[in-house]
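Chemist: If you want the building blocks of each chain, they are given just below.
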Amino acid sequence: MTDLAPLRQAQPVEEGLRFTTLPPKDLRNLSAKFGWSLSDVELEDIRAHFKKVGREPTRGEAETIAQTWSEHCKHKTFNGPIRYSDGKKSRLFKSLFAETIVKATKDLSKPWCLSVFKDNAGIVAFGKSGRWALAVKVETHNHPCAIEPYGGAETGIGGVIRDVLGAGLGAKPVLNTDTFCLAYPDYAGPLPEGSLQPGRTLRGVVAGVRDYGNRMGIPTAGGGLWFDDDYRLNPLVFCGTVGVLPAWAVRKSVKPGDLVVAVGGPTGRDGLHGATFSSAAMAGRSDRAAVQIGHPLNEKRVLDALLVARDRKLYRAVTDCGAGGFSSAVGELAKECGACAGGALVELEKAPLKCSDLEPWEIWLSESQERMVLAVPAKGFAELERLFRAEGTNCTVIGEFTGSGRLVVTHKGVKVADLDMGFLHDGMPKVERRAVWSDGARPKTRPPAAYARGAGAGHADRGRLSGILTRMLAHPNVCSREWVIRQYDHEVQAGTVIKPLQGLRHDGPGDACVIWPVAATSEWNDRSGFAVGHGLNPSYGKLDPYWMAMCCADEALRNLLCVGADVSKASFLDNFCWASPEAPEQLGGLVRAALGCHDAAKGYGVPFISGKDSLYNQSRDEKGRELGIPGTLLITAVAPVPDITQAVTLDFKGPGNSLILVGVTKGETGGSLLGQMEGEGGEVPKPDPKAAGKAFRGVAAAIAKKLVLSSHDLSEGGLGTALAEMAFSGEFGASLELDQALTSPPMLSDETILFSESPSRVLLEVSPKDDLAVMRCLKGVPARRIGSTTANPVIKVSGLDGSIVLESHLVDIKAAWQRTLPELLK
Amino acid sequence: MTPARQPRTSGRPKVLVLRAPGTNCDVETALAFKAVGGEPELVSIADFKSAKVRLMEFAVIAIPGGFSYGDDVAAGKILANQVKLYMREIRNFVRLGRPVIGICNGFQALVKSGLLPFSAAGEQTASFTGNDSGRFEARWVHIRLNTQSMCLWTQGLPEMIELPVAHGEGKLVLKSPRHLEELKKNKSIALQYVSDDGKLLGYPHNPNGSVFNIAGLTNPEGNCLGLMPHPERFTTRHHHPNWTRQTFMKEGVGLEMFRNAVRYCQS
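As given, the protein sequences belong to chains F and S, one line each in that order. According to the numbering used here, the first sequence is numbered sequentially starting from 1. According to the numbering used here, the second sequence is numbered sequentially starting from 1001.
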């Protein structure tokens, strides 16, 4: 290693510029000029630090600090103090994250949580053998996708794959998931200059995920779509990856003297300032250099070589280069030094480059994709290098981990940065934010439509309710996603045993995919699998983010329950996407959602293992007004499927079977699809985790006894859409009697029973001979037989007065359900 | 063709599963061979370049699916050139009657290296172009096997089978109509996309628009098979999209194809 003594100090931030003596206004301008997104308080802290050190910061140092302290990397809002008031009570959070989500996980202390919240992904135990673990991560890549949907989505999926590759000592990715929140693809209203039409954004992000995920050889088999015009300036793209790793490879360590090794693609100017860029509201649309360029083949090479190197134990630690590039990756690994002070010396001139004219600080901060950093004991390096070279990718020593407690970066003998690790990682000033929540400020909700719109209303409803059902099925938030799913290779690795599309003609909407990760374990006779489900509903969040969080958790679990997963061993991941947290009302909603996550985790007994927040999702519209996204929470749930051969799908399996509705239907139409379509209010759905947990255990017991032929959760559009989806996927009709449904209050209208979105409900198809056995499993659980399947391909619903209130032919409703996306994206 | 021309096997024939940067169905292909008694080995094309591995030591060659070299230039094109350059013996391997299979990207490589349709001169007479639908698509298709074909991989399978396809450049095109007639005459069209009642219909039954609904080709002797569908993705009944509706199926029909090759080597 280079001797440090003769090093020259690099130029300060700018030639002749004295950072430590600049007036605050000029400092602020400097931060804006370089895109640092640093606040005044932070700038003053940096100034104070360097005054104490007795010199000016270099450009590389200022950039490294801006990067490390960005909202994107440090999650200042979630980790920082928040003074929250809901009108009645106020509460001071020292750290919202630690006191809600992390606290719930700690309190639950579940034995399957092997590594939570500290690594690049959450790691849980997997399988019966005890030899395996799952690494799970869901990321967002919102800002880049707004500017360049294809490249943004590509690098989004590429980044989350690397997170899983960099979890523990590296996990083999076996599943990708993708969830998009966008404006309706046919949005034709005004947009500010530079904004893309939402249909184009959708096509772009689907193509990006397709081209990257397919080339990586990872099945994309889960996810969702949600449309709301308030996403028109800030689309959301959630990318998730699940990987399998050996149980011995969960922990990483770094020892002084280990080599800092960069593997993968070369470093270029692409993706500078990605982290700081996504930590601010988007002002203009011109900063395209902040979006990286994806190259899936390079990442595939890294993946293949890395996993072989892992099994040969050639390195001690690994992490990916994400936001902040080398600066974050090396900085994070240097912290893994255990007892020693940590630290590293990096010689930037050794890094392979895409172009030779990069400034040293640009090499250090570039977010070029497909790169990872390893801590390698020197004696194994030659073998490691051979492995990566054989795959045709780079493997280069760029420095050494030291125990000095300092992060020293040089370029051809010139010191680019020399920072104290303590200041860099813990020196960030904490800023208290204010959050308020007031029920009064929410849109007023109307009570549910009362029972009985006059005698004989049933007959009048017959056409009307059928019409509502058809329109619901055709609604973009419910319609078939086949147009998207078929573009993803969802079966590569030959482990997708329950596919995203299910049923007689392989086109019904499955609740969740089930993965049998045999390509990762090579254990042909081990039938252990896992399922991944999602919950997302920003419409509920517009009424109350607390209940949105509870509903999302409830739905994600029911997705898993319905395919036969063991939800008593489930884990959650949270992804918050919010507008600016500097607005107290916005932050109030975020606090509500975080409290909901805490209560859901505790209530359902399901720990959070990983998560991410993406804030500042707001932009100026064509009139210069700030338009924020609706507060959005994606809850991803993962649970083991102990025997994949016992999994269940949603499609009706035969005629004459009983239909059992589990759960109570209430007048919960607030935020519902019915509410949106018919302009009706109502209460936001409010799950009761205790009762729900009992119902879930009952359903799980029935599935375990092989008594359930098909099952489907009730979500958007309630009983009506669930019934229709089960029927047309299996091509059997159904006749239903609404007066058999358990409701609260006892008097609800036919319309409300059919379309209410009361949570925790599941519809089961069981053989009539098993009715009693199933009801025994559901002892103490509100559940009723409400009808049966029929050979006649029609769904027929009789209302409370006994008349037929809905009659729809499967061919018609399926066509309506399938038509929407292909037509919108023609 | 006599088994004597096979390398000696101790019951478990050695299967070469060829890898190149971007290959991604190698593991499941190897697992399928292993499940039926083969001894698969993942070998990188780089090992042929450096002459570390000898082709003739293997009893079977499988070129699995994926996006070799990122599908740059055209799907399978770079790998095809590498095979021609560094695995020259593969033509001899085929001529000796040893089993060779190319799946999806592997089929594209076999076609672009002039191994299928097989001609003594090694001339390339077919190619692949983008799906008619204009996009990558993953779906299960109905396949009719050519019962007249000598193909050893499909012997004993039911005439109608189901397999998944997943590709963006799967439309097989031939140099001239004459070549189609030749393929028919030589019984080289091993698999065709059909509707569930066995008819040669267009999209979506034919998922890519291939000429004459061709899903797979074999050499006239039947030991070298290339196909777009993925038999390695249908090795257990739980791979079928409909398995929760069925009780009759014992295992995936794809497994039988790998078993055929292994048995052939053992006989």
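Bear in mind the hints are in silico, worked out from the structure with no lab data behind them. Virtual Cβ for every residue (Gly too), placed ideally from N, Cα, C. It cannot be assumed that every hint is accurate.
Unchecked claim - Okay, the calculated beta carbon distance ranges per label pair:
1. S:R1135 with F:P256: 31 to 37 Å
2. F:I293 with S:K1199: 43 to 49 Å
3. F:K379 with S:T1147: 56 to 62 Å
4. S:V1073 with F:S522: 49 to 55 Å
5. S:G1134 with F:K118: 41 to 47 Å
6. F:A247 with S:P1204: 40 to 46 Å
7. S:S1119 with F:W524: 51 to 57 Å
Chemist: What are the numbers of the hints that this structure violates, sorted from low to high?
Modeler: Of the numbered hints given earlier, those the structure breaks are 1, 4 and 7, listed in rising order.
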